[in-house]
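Enquirer: Sequence:
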Amino acid sequence: MNEKLYLEDEENLGTQTEENYEQVYCRPNTLTDVPFHYCPGCGHSVVHKVLMEVVEEIGIQEEIIGVAPVGCSVFAYHYMNIDMQEAAHGRASAVATGIKRVLPEKYVFSYQGDGDLAAIGTAETIHTVNRGENILMVFINNGIYGMTGGQMAPTTLPGMVTSTSPYGRDVSMVGNPIKIADLLCLLPGAYYVTRQAVHNPNAVRKLKKAFMKAFEYQKQKKGTCFIEVVSNCPSGWKMTPVETIKYLEEKMFPAYPLGDLKVPKN
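According to the numbering used here, the sequence shown is numbered sequentially starting from 3.
Treat the hints with care, as some may be off.
Stated by the list, open to error - BS3-like cross-link-like pairs, simulated, lysine-lysine; straight-line CA separation at most 25 Å: (1) K210 - K223; (2) K221 - K267; (3) K223 - K208; (4) K102 - K253.
By construction, these hints were calculated from the structure, which means they are not laboratory data.
Based on the provided sequences and hints, a complete structural model is requested.
Expert: As structure tokens, then:
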């Protein structure tokens with residue numbers, strides 16, 4: 003930079019006012035004013051931000067209740083400035099069902115990881131969707147038990163190394179990964195099922211649109227909406243955040259293709 007211009011900029015720093023700047027982003031009021039504690043590069047914080055942006059934009063902060071069970075998702079109530087209810091491990095969709103039935107005019111969602119929703123909570127997940135409970139289920143799939151030590155999860159890819167599969171997932175021993183969203187599409191109660199991600203800006207925009215649709219369908223009492231977010235786990239995968247993005251693109255997305263799996267016919 004030209005030295006004269008640089009000095010002039012230095013002199014003007016103290017005279018700048020808000021009118022000189024255009025605000026391009028601010029934290030939504032639906033997020034508490036505390037730092038996220040998630041591991042650097044983790045997708046949870048981005049999903050939290052997008053979900054709460056949607057809640058603020060459609061004006062339902064006082065009309066929504068979230069349910070978070072055990073796992074990394076258990077801390078969601080520290081960050082989401084809305085009514086939240088903690089559930090036992092795997093039971094979030096059952097708790098969300100009870101809340102929705104007692105308070106049918108409220109917007110209700112569960113926020114669950116793969117070890118929770120697709121393992122200990124498999125039965126609750128399937129029966130909730132089969133009944134067509136009018137809730138949104140948010141499913142974070144990072145292929146691992148992120149919070150409890152990086153163990154193999156139902157979504158762990160064949161050959162993927164975890165703390166309990168140090169030589170990689172052996173399909174002959176433990177079977178293939180469960181594509182839970184694909185299974186739920188077969189159930190008549192599933193109204194809207196989609197698989198999204200947050201690894202780049204375009205993916206974030208698509209996830210935001212999915213949240214918008216899901217809440218609109220819930221308002222219309224259409225049935226269960228299920229949004230899977232294929233994410234990363236730098237700590238559990240033993241990779242840098244940048245390396246996890248490459249792994250997502252090369253390994254996770256081919257196994258869990260992004261896009262809508264079941265959409266309304268009309």
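Enquirer: Work down the list of hints and note, for each, if the structure agrees.
Expert: The hints, checked one at a time:
1. K210 - K223: Judged against 25 Å, a Cα distance of about 20 Å means the pair holds.
2. K221 - K267: holds (18 Å)
3. K223 - K208: Status holds; Cα separation ~23 Å.
4. K102 - K253: violated (37 Å)
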